[in-house]
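All chains should be built: construct the whole structure from the sequences, respecting the hints.
Just so you know, we're using the working numbering here: the sequence shown kicks off at 1 and counts up by one.
Hints are computed from structural coordinates only; laboratory data are not their basis.
It should be emphasised that the depicted structure is a prediction, and the values quoted were computed from it without experimental measurement.
Within a straight-line C-alpha distance of at most 20 Å, the following computed SDA-like cross-link-like pairs (lysine to any residue) qualify:
no., residue 1, residue 2
1, 77, 100
2, 77, 67
3, 77, 128
4, 32, 11
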Amino acid sequence: MRNLLSLLTTRSDEELARIAERWSVELPRAGKAERAAVLAREMVRDSTGHRYWEGLGEDARELLLSFLGQPERRLSKTGLARSSDALAACLESASLWAFEEAEREGGMPSLALPPVPDPALVLPPELQRLFERLRVEIEQGDTSGLPLEEHLRRLGTGELENLAAYWGLAAEPGSYTRDELVESLTARLRGATTAQVLEETPAAARRLYETLLAAGGRARTLDLARDLGLRPAEL
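Structure below.
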């Protein structure tokens with residue numbers, strides 16, 4: 001079992017709900033397979049990753065970042081106790097998987113430490129890529145002064161396609177290259193005044209924008225959203 005979707009499809013409805021809560025993902029009223037697919041898709045999105053990251057404690061963040069250079073290791077190599085709150089948070093949210101053996105071949109992953117002396121911990125590849133992107137952003141520091149085009153280039157291709165579809169620029173995924181998407185979106189957004197953009201923005205997102213603007217753009221987005229009573233799907 002090597003991918004996120006495969007893991008999630010083996011989880012119970014209660015476990016899926018708990019993982020979704022950790023990632024601030026709103027699951028649809030549907031069968032377990034569809035709920036698992038939605039959760040897997042949302043967990044690898046940059047916007048969802050940012051919300052998850054904001055809700056993590058500092059120790060849990062450091063633990064996940066430490067796995068980027070070595071995504072599989074035994075518990076003894078982490079220097080953490082079995083009772084570590086950071087480790088529990090990462091396991092319960094499915095950010096890390098635990099195995100009884102060091103090798104994953106044929107092994108069934110767990111979201112709790114198995115009762116063996118030195119279990120193996122694994123950062124799944126999909127989340128490794130997500131946290132790597134977050135690490136780069138952390139190292140780059142404040143990017144608020146970057147031009148619009150640079151912000152767009154930092155997005156994944158899927159996110160660019162979603163933005164393009166929202167602004168009526170691309171009818172089908174794959175109809176534009178990344179460079180064409182960035183160029184088209186840059187031209188579209190630069191050509192629109194703030195008032196025009198806000199007019200086409202959903203009410204919940206507009207409320208969040210206006211509150212951030214009043215706070216000087218420095219407030220924690222997740223905290224503001226909670227204060228405003230916004231659901232994750234509305235962000």
